[in-house]
Each structure stands twice: as structure tokens, then as C-alpha cells.
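Participant: Chains as they are written, first to last, in this note's numbering: chain W, 1 to 113; chain P, 1 to 113.
Hint data in this document are derived by calculation from the structure and do not stem from the laboratory. Be a bit skeptical, because a hint or two may be false.
The list treats identical chains as interchangeable, and a pair is accepted whether it falls inside one copy or across any two copies.
Each computed DSSO-like pair below joins lysine-lysine, with the alpha-carbon atoms no more than 27 Å apart [to be verified]:
{"no.": "1", "residue 1": "Lys108", "residue 2": "Lys54"}
{"no.": "2", "residue 1": "Lys94", "residue 2": "Lys54"}
{"no.": "3", "residue 1": "Lys4", "residue 2": "Lys108"}
{"no.": "4", "residue 1": "Lys4", "residue 2": "Lys67"}
{"no.": "5", "residue 1": "Lys4", "residue 2": "Lys39"}
{"no.": "6", "residue 1": "Lys54", "residue 2": "Lys25"}
{"no.": "7", "residue 1": "Lys54", "residue 2": "Lys39"}
{"no.": "8", "residue 1": "Lys108", "residue 2": "Lys25"}
{"no.": "9", "residue 1": "Lys67", "residue 2": "Lys39"}
Values in this document were obtained by computation on a predicted structure and should not be read as measured data.
Number of protein chains: 2
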Amino acid sequence: MSQKEKVCQQKLMVSRDALEVIQGKWRLPIIISLTFGNKRFGEIQRDIVEISPKMLSQELKALEENKIVTRTLFDSMPVTVEYALTPLGHSMKKMLDELISWGAHFRKEVVGK
Amino acid sequence: MSQKEKVCQQKLMVSRDALEVIQGKWRLPIIISLTFGNKRFGEIQRDIVEISPKMLSQELKALEENKIVTRTLFDSMPVTVEYALTPLGHSMKKMLDELISWGAHFRKEVVGK
DNA sequence: TATAGTAGTTACCCCTAAGTAAGTAGTTAC
DNA sequence: GTAACTACTTACTTAGGGGTAACTACTATA
Numbered sequence: 001m002s003q004k005e006k007v008c009q010q011k012l013m014v015s016r017d018a019l020e021v022i023q024g025k026w027r028l029p030i031i032i033s034l035t036f037g038n039k040r041f042g043e044i045q046r047d048i049v050e051i052s053p054k055m056l057s058q059e060l061k062a063l064e065e066n067k068i069v070t071r072t073l074f075d076s077m078p079v080t081v082e083y084a085l086t087p088l089g090h091s092m093k094k095m096l097d098e099l100i101s102w103g104a105h106f107r108k109e110v111v112g113k
Numbered sequence: 001m002s003q004k005e006k007v008c009q010q011k012l013m014v015s016r017d018a019l020e021v022i023q024g025k026w027r028l029p030i031i032i033s034l035t036f037g038n039k040r041f042g043e044i045q046r047d048i049v050e051i052s053p054k055m056l057s058q059e060l061k062a063l064e065e066n067k068i069v070t071r072t073l074f075d076s077m078p079v080t081v082e083y084a085l086t087p088l089g090h091s092m093k094k095m096l097d098e099l100i101s102w103g104a105h106f107r108k109e110v111v112g113k
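Assemble the whole structure, with the sequences as input and the hints as a guide.
Facilitator: This is the structure we're talking about:
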């Protein structure tokens, strides 16, 4: 196997790990919403209007398990819960910026046409 | 709606467009494989060993429709087909680099632990 | 004559991601 | 007393993404 092929295989392997975290319809939107600051359950729901509470709850749990977000309970009245990005979550920002920047480019080139 | 919320909504909208193109198990691996040069059907299959010809064919068609890859037929014997990234496909490189770079970070932090 | 390589297609099945709707539990305001 | 807010959970259903296996069609080679 050539050096080039080895690098290609390595990148494919690493991308599979990344994909497992961001796969699905809702994970990236949730993470993007949280890059704008810590938010409560209902606030995220208001950002992503089409998401159901079931999916939001489920995907937040998955992101917690992958150490991307933290869940903090405040025993205020009524009880509020705050979700925040971990350092690992914040480390996705460059990637997200590039994704969004490419998305805008794509929209201009293909969607908007 | 505050300025911050407007920017958040804009980014969420744009990311949805990008996600539609890269969603699924196979699209990013295929694109990554093609960043290493134009390749034939069989070559991509050898890069991504787990992919079936059905899925490869199906996903290449979808990427063609989204103007990410081109399909070129050579009437050599036997007939060969070459897949290549379009300029729009190449414009994903920065994003892919960041994704792969983050994937490596994630692997070190969570998967490898 | 049959095996292997080119690049797919087709038919069938299955699982799970995602959607829908309703319920839970506690507090506060009207 | 009932509606509304907080943050979910649970049960049921469905669409389609993806897997498997076999088949097509043509050429070259042993």
C-alpha cells in the first residue's frame, strides 16, 4: 500500500469516528444552537422549532454520553435545566464554522439557483 | 428577535442545507476518497471496503445530482468510468480537513480512552 | 470453457431513526 | 380550579436508509 493510500485509509477511519457523533438529523443543529450560549431545554426547542421533545431529549442524552454537552440542574422554582458545551464541544467550533461557511456557498451555488 | 437569535437562525438554516448533502453513512467517506484524486468505481470500493456496489452507485448518483462529483465514461476496453470532484466538491476540502482534524481530537479524547 | 475483471442493477428484507400523541410531575398565576 | 410554565417520558407507528445476494453485459486471459 502506498503512502497516499495509507493516509487516505487513516482519514477515512478518523472521519468514521467523527460521523458517529454528528450523524442524524438533530445533533449538529443542537450543537450549533449551544454555540450561542448555554441554553435550557425549552430555549433549544424554540431555536429548532421542528424538533419534538422526544428527539431533543434523546439526542441531548447521546451528546452527553459522548462528552459534547453537560446537563446542569438548578433547583430553582420551577426546576430549570441548563445545557452547555464541554471543552470538547467547544473544540467543534472551527469545524462548524467551516460547515456553515460551505453550506452558505452551496446554497448560493446550487440551492439558490 | 435579537440580533444574536437572528444569526443563530441563519446558521441553523444554512447548516440544514449542508447536512442534506453530507447526511448518510457513505457520502463523506466517498468525498474524502475522491480528495485523493480521481478514481474509478472499483477503486473507491477498495478504499471503502465495507460499502456495497448498490450503496456506492446510489450515493455517487446523489452526489452527481448535487453537483459534487462528475462521472466520466471512457470507452476503453473494458469500459472504465472515472469519478472526480467538481469545483464545488473541492470547495469542501477545508470543511473536511476540520472534520478530520476534530475526529482525530475526539478519538484521542473519548474513543481512545 | 470458464474464470476474472470492468461497472454496475435488481429484488427483497429488516431495523432503526424519526414522527405523533398523550401523559407525568411539580409550581405559579389567574 | 384550571390553565400555563418548567422539563421531560412513554407508547405506538411509519418511512426509508441500508444490508444481502444474485444477476447483467461485455472483454480478456488461461
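Participant: Within a copy, between copies, both or neither: where do lysine 54 and lysine 39 come within 27 Å Cα-Cα?
Facilitator: Classified as within; 17 Å inside a copy, 42 Å across copies.
Participant: Up to 27 Å between alpha-carbons, please classify lysine 4 paired with lysine 39: within, between, both or neither.
Facilitator: between (44 Å within a copy, 13 Å between copies)
Participant: With identical chains, the pair lysine 4 and lysine 67 could be close in the same copy or across copies; at 27 Å between alpha carbons, which is it: within, between, both, or neither?
Facilitator: between (33 Å within a copy, 26 Å between copies)
Participant: When no copy is specified for lysine 67 and lysine 39, does a C-alpha distance of 27 Å or less occur within a copy, between copies, both, or neither?
Facilitator: This pair counts as within: shortest intra-copy Cα distance 17 Å, inter-copy 37 Å.
Participant: Can you give me the call for lysine 94 and lysine 54, within, between, both or neither, at a CA distance of at most 27 Å?
Facilitator: neither (29 Å within a copy, 34 Å between copies)
Participant: State whether the alpha carbon distance between lysine 54 and lysine 25 is at most 27 Å within one copy, between copies, both, or neither.
Facilitator: both (13 Å within a copy, 23 Å between copies)
Participant: At most 27 Å between C-alpha atoms: does lysine 108 with lysine 25 qualify within a copy, between copies, both, or neither?
Facilitator: Classified as both; 22 Å inside a copy, 25 Å across copies.
Participant: Should lysine 4 paired with lysine 108 be assigned to within, between, both, or neither, using CA atoms and 27 Å as the limit?
Facilitator: between (33 Å within a copy, 23 Å between copies)
Participant: Reference check for the pair lysine 108 and lysine 54, CA-CA at most 27 Å: within, between, both, or neither?
Facilitator: Cα proximity of lysine 108 and lysine 54: none, with 33 Å in one copy and 31 Å across.
Hint violations for this structure: numbers 1 and 2, all remaining hints satisfied.
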